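Asks: Quick note, the sequences are listed as chains P and F, same order.
Here the first sequence is numbered in UniProt numbering, starting from 1 and rising by one per residue.
Here the second sequence is numbered in UniProt numbering, starting from 1 and rising by one per residue.
By construction, these hints were calculated from the structure, which means they are not laboratory data.
Among the hints, a few may not be true.
Said to hold, decoys possible - To give an idea of the chain F side of the interface with chain P (calculated C-beta under 10 Å), a few residues:
hint, residue
1, ALA16
2, MET43
3, LEU50
4, ASN55
5, GLN56
6, PRO59
7, PRO61
8, PRO62
9, LEU66
10, ARG75
11, ALA84
12, HIS86
13, SER94
14, SER98
15, ARG120
16, ASP145
This one's a predicted model, so the numbers in the text were calculated from it and none came from an experiment.
All residues carry an ideal CB built from backbone N, CA and C; glycine is no exception.
2 protein chains.
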Amino acid sequence: MALVVQKYGGSSVANAERIKRVAERIVDTRKAGDDVVVVVSAMGDTTDELLDLANQVSPLPPGRELDMLLTAGERISMALLAMAIHNLGYEARSYTGSQAGVLTTSTHGRARIIDVTPGRLRGALDEGAIAIVAGFQGVSQDTKDITTLGRGGSDTTAVALAAALGADVCEIYTDVDGVFTADPRIVPDARQITRITYEEMLELAACGAKVLMLRCVEYARRFGMPIHVRSSYSTNPGTIVAGSMEDLPVEQALITGVAHDRSEAKITIVGVPDEPGAAARIFETAAGAEINIDMIVQNVSTEGTGRTDISFTLPKTDGPTAMAALSRIQERIEFKGLLYDDHVGKLSLIGAGMRSHPGVAASFFQALAEAGVNIEMISTSEIRVSVVCRDTDLDVAVRAVHAAFDLGGAEEAVVYAGTGR
Amino acid sequence: MALVVQKYGGSSVANAERIKRVAERIVDTRKAGDDVVVVVSAMGDTTDELLDLANQVSPLPPGRELDMLLTAGERISMALLAMAIHNLGYEARSYTGSQAGVLTTSTHGRARIIDVTPGRLRGALDEGAIAIVAGFQGVSQDTKDITTLGRGGSDTTAVALAAALGADVCEIYTDVDGVFTADPRIVPDARQITRITYEEMLELAACGAKVLMLRCVEYARRFGMPIHVRSSYSTNPGTIVAGSMEDLPVEQALITGVAHDRSEAKITIVGVPDEPGAAARIFETAAGAEINIDMIVQNVSTEGTGRTDISFTLPKTDGPTAMAALSRIQERIEFKGLLYDDHVGKLSLIGAGMRSHPGVAASFFQALAEAGVNIEMISTSEIRVSVVCRDTDLDVAVRAVHAAFDLGGAEEAVVYAGTGR
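For reference, chain P alone in the conformation it holds in the complex (with noise of 0.2 Å):
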């Protein structure tokens, strides 16, 4: 008999229909003989919704009043969804992330769990229940006040307690089959993975895959808790994240897939005095109004001229902010201007076979000129090249990279409508 977290987002529970279908899938789960904890997300727009009305009242809440709001929503789907398993004879009990000892920092809207004391869900699979939690919340271990886990957060809470509770796997429950090769909506034939490391799906979903939260998978990576991501909807068998670069064979695929971002913008800082210490300063600034930056590129600089332009990539919801502070230490550093492109999209390669094969990156960009994409910046990892084209370029990069490294399959991919939160 083994121990199954599985958890179901936001379409999986959109209305009373749908909650009955994952409360039979989580029975037949039951029926083979496991114990099931379940953990899940607000109903459809239900976050939405609320946060609708808490604009209504305030145009800027309080981080602790919203979060006690926002939990409402889990609280709604988890009590619905454990009357739907008792309607099919099953004792199911859910719990609220307080409940349920998801012990977390006070950040409100992003806390981070520091503890789990998973005491009353064990009391509860003791005595035969289905046990259902509230995904995405949890108290803080100083204020005792509600705190959310930010975007992400279920896939958090579910890894998090599966580890916490020794469980055998964790299910992620999703409107797609799986991890892919790319984007079926934009590769008709991108090819599902049956099975990936952490640090190639660290590095997917760090370069845009949805399908899974970059925090979730570090978490399971810590704790070294296998991750199974499938559909909702049809019985696929879906993809498996376990396992680390370090132990795999040697004659594994070279290349995983390839990721795409279109939810980042380019700033570029015109005519930087070229001199120690002006990128720092500007960074430093970056940093302290929380702007959360990805690539950079420093040009060389133009001759004559002592001074440069810099380049740095971060996502599109944090441009007004960067440009606001950065517009404060122009007159201090002396740089000329500032340009904000977010017309720029980010395609990845992602393999960790590349280590050992420097002919990659070659290939890669080999593919990209052929296709006539232009490229504006670079960067790479151990397992990843990047590059930032025009958004325009984008779905055309995609599909020539994934053909050139032969990733497709025979089959065409099933998408399903809908997304996940």
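The hints should help you fit chain F onto chain P, whose structure is shown.
Replies: Then chain F, alone, in the frame of chain P:
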């Protein structure tokens, strides 16, 4: 500096606009120098919407999960109210029933408050914050599960918190100006009562006056906590519920008011053997089925038959259960039949002065006779006379009695739209 507990019902916080109005009222009290604890119900129709969702997933949802679901309602309203107060520049913190220390029995759906340990509320007040507490909910002392208090639960929460905190007054904000000598929708010149004792208010509440629930008044009397009933929509001084009949001056008003109730039905058990124990077995059956019986009348045995009829009133909502339970014992008790009549109305005249004025009942029946109202059942207490009549006669009867005892005021009462929870 006083400590004031204020309770706002669902219609007072039905939308963002009303929440902002309530926030202003609360801040006004704080500005006047008082410490404020606010108890709030779920917004408008939230509870009904959640119940509807529950019915979509399960015909008979388990009580534990239903309570978990419904308590999401106050979580939303209290967080929004705290945000709205923040927006006016005052510190406000929301607390669930559990966080506020409302410890209850574990009977889901109608738990009773066992104890209140408001340590976190005291802490918030000590730091100058306004504490917002979810009404209608608590946490089971034994199982640590979330519970709800049943109908009128938010009023009870408010009085219980006021008592535990040693508040100076518990203000119940509602959609009427206060307690009236009769329902102003039936009696246009009904007069608002300035001050009323706990005993009289208990009788009014038990006899159908909807402004305060019986349990809340019982709680207030037990702890000697004054209740101030006020309108959320006006600055009318409202009604104070405080003090005992025993302390009333001799020159007090004879009669307090007229209450009516359309929510009861009458069951008649026909042809009950007129022998010891028959009635006992009937009412044991009713008690076993958790039926709340109100008035009982047993006719004189019809001469020669050795049989009698027994009639009693009960809430219409208990009607089907009671009829089924009684049918099951028909053979054993050997009664002849059951009649169910849900077209009855109850009218009650209440007044502490009644104790020392034996003529009140005579004038009461005289007024009903002159109005052509046929009386079907009668019951009395020390400070109350109640009758059951046809529901179609009820309005006429209320107006006749109200006029006979000269209860009317000079001005017409103001009636507001909407209903509270």
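Asks: Each hint needs a verdict: does it hold in this structure or not?
Replies: Hint by hint, here is what the structure shows:
1. ALA16: holds (4 Å)
2. MET43: holds (9 Å)
3. LEU50: holds (7 Å)
4. ASN55: OK, holds: ASN55(F) within 10 Å of chain P, min 9 Å.
5. GLN56: This hint holds: GLN56(F) lies near chain P, its Cβ roughly 4 Å from the closest one there, short of 10 Å.
6. PRO59: Check passed: Cβ of PRO59(F) comes within 7 Å of chain P, closer than 10 Å.
7. PRO61: Interface hint status for PRO61(F): holds (4 Å vs cutoff 10 Å).
8. PRO62: holds (5 Å)
9. LEU66: Holds, because the Cβ-Cβ distance from LEU66(F) to chain P comes to roughly 7 Å (cut-off 10 Å).
10. ARG75: holds (4 Å)
11. ALA84: holds (4 Å)
12. HIS86: This hint holds: HIS86(F) lies near chain P, its Cβ roughly 5 Å from the closest one there, short of 10 Å.
13. SER94: SER94(F) check passes; min Cβ-Cβ to chain P is 5 Å, inside 10 Å.
14. SER98: holds (9 Å)
15. ARG120: holds (8 Å)
16. ASP145: holds (8 Å)
In the structure shown, no violation is registered for any of the earlier numbered hints.
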